[in-house]
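Protein chains in written order, with the working numbering: chain A, 349 to 590; chain B, 5 to 208.
Check each hint, because a few of them may be wrong.
Stated by the list, open to error - Mimicking SDA-like on lysine to any residue, the simulated pairs with C-alpha atoms at most 25 Å apart in a straight line are:
(1) B/42 <-> B/29
(2) B/42 <-> A/414
(3) B/42 <-> A/481
(4) B/42 <-> A/548
(5) B/42 <-> A/407
Don't read these hints as lab results, they were simulated from the structure.
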Amino acid sequence: MSDQVHTLVGPYVLDAVDDLERAAFERHLRDCEACRAEVGELREAGARLADGAWSVPPPRLRESVRAEIRNTRQLGPPARVRAARRRWPVVAAAAAVLLAAGTGTAVYQVQDQRVRDERAAAVAARASEARVRAILTAPDLVVREEPLNSGGRVTVATSRLNDAGVIMLAAGAAPAGGRVYQLWTIRSGQDPASAGALGVGQSATVRIVEGLPGSSAVGVSVERAPSSVTPTTPLEALVKLT
Amino acid sequence: MAERGIGRRPEHLAAVPGPEPQPDAGTLLAAVARGDEKAFDRLYELVAPRVYGLIRRVLRDPAQAEEVAQEVLVEVWRSAARFDPAQGSATAWVFTIAHRRAVDRVRSEQAAADRTLKAGAAAIDTPFDEVADEVAVRLERRQVRHCLDGLTELQRQVVTLAYYHGHSYPQVAELLGAPLPTVKTRMRDGLIRLRDCLTTGAVA
């Protein structure tokens with residue numbers, strides 16, 4: 349996985365990755381000093397490209413910025429652990445908002461296969477950006493990814509601090525014949541619980557799952573529409589969380 | 005003198021005397037982290053044209069660019085204390101924030117398909133050379149242009165489509181009709197060649 353993730357170093361430095369890929373890559377960086385050094389050097393080079401985009405801003409920009417910084421409190425030097433703890437009430441509030449919005453809003457239709465990753469990321473960013481970001485930027489984030497038997501991949505990012513996870517499905521194609529992708533959370537000793545099914549013709553989704561770190565695995569199966577109470581076909585992918 | 009204490013060093017001892025010294029961005033940013041508004045003004049002089057220019061190039065909309073540039077510059081003020089010199093230069097830190105914000109704006113504002121269409125048009129309308137061509141006054145710009153010219157055609161395309169157009173690597177792959185692994189690899193080795201050129205070019 350490490351080597352696989354590291355192939356993203358170029359896109360990462362150029363900000364050409366989506367949120368999940370960025371989270372996975374930054375996770376990878378935490379454990380790899382040589383990789384951090386490489387990113388540092390490439391970022392220096394990448395940032396020099398800004399030299400090629402020199403353009404004098406309107407004079408009022410300076411005044412606006414000056415006015416705003418007078419009313420902007422500065423952050424202190426980093427204190428990561430405390431910052432993470434302070435996020436808790438905010439995260440709980442965000443979760444409540446999300447639940448109030450209803451589970452139906454958590455699945456998004458993605459029609460354009462060619463840009464499915466990007467679209468799913470963009471839609472998720474709009475719909476529940478704050479929550480997704482809170483999870484994906486958690487200091488304890490763990491990202492796991494498995495290929496689907498039918499092509500594409502499923503990525504699962506979990507944070508115990510947030511007691512939540514994000515499942516991102518980006519399949520190669522939607523199942524044919526009135527069948528749909530369905531997501532499952534699996535706890536040892538229990539039957540798989542549905543984490544929602546996609547619509548007919550859908551091949552991608554981004555879904556926030558509360559309590560996901562308590563599960564031992566996430567599964568993906570193909571079921572008859574609209575959904576099934578239990579997986580009836582062999583899993584397309586199984587992402588182990590423990 | 006003694007009653008001034010250690011914490012409040014007199015101005016005339018802090019500054020190097022003689023002709024106006026040219027502090028680098030790192031020195032200025034450290035002062036900004038301590039709430040020094042004058043230092044912020046000088047840092048603004050140094051980086052604002054590139055912050056604004058970069059965002060404008062990515063967004064292709066002067067009004068939005070101004071708004072995002074303001075956010076970025078205020079963010080520089082707000083989080084100056086979070087800059088860690090061990091991780092890289094101050095200018096790279098600032099331009100990284102600027103680029104990321106510009107890209108975030110692009111991705112959240114427009115539907116991906118719509119953007120891909122526009123991107124296709126932009127890629128056709130705008131020769132890649134234009135990137136470094138419109139500005140050839142400053143040495144840095146000449147150097148970047150020179151180093152971009154030193155990349156292979158594909159390296160240059162993937163780097164500029166991502167950096168100046170804000171495209172994700174799958175979008176770049178689609179625009180160029182190239183396989184994803186190739187695009188990822190060319191982005192990396194393009195940056196490596198750029199780095200090598202910029203570091204040796206600085207001496208020349």
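**OP:** List, from low to high, the hint numbers that the structure doesn't satisfy.
**Re:** 3, 4
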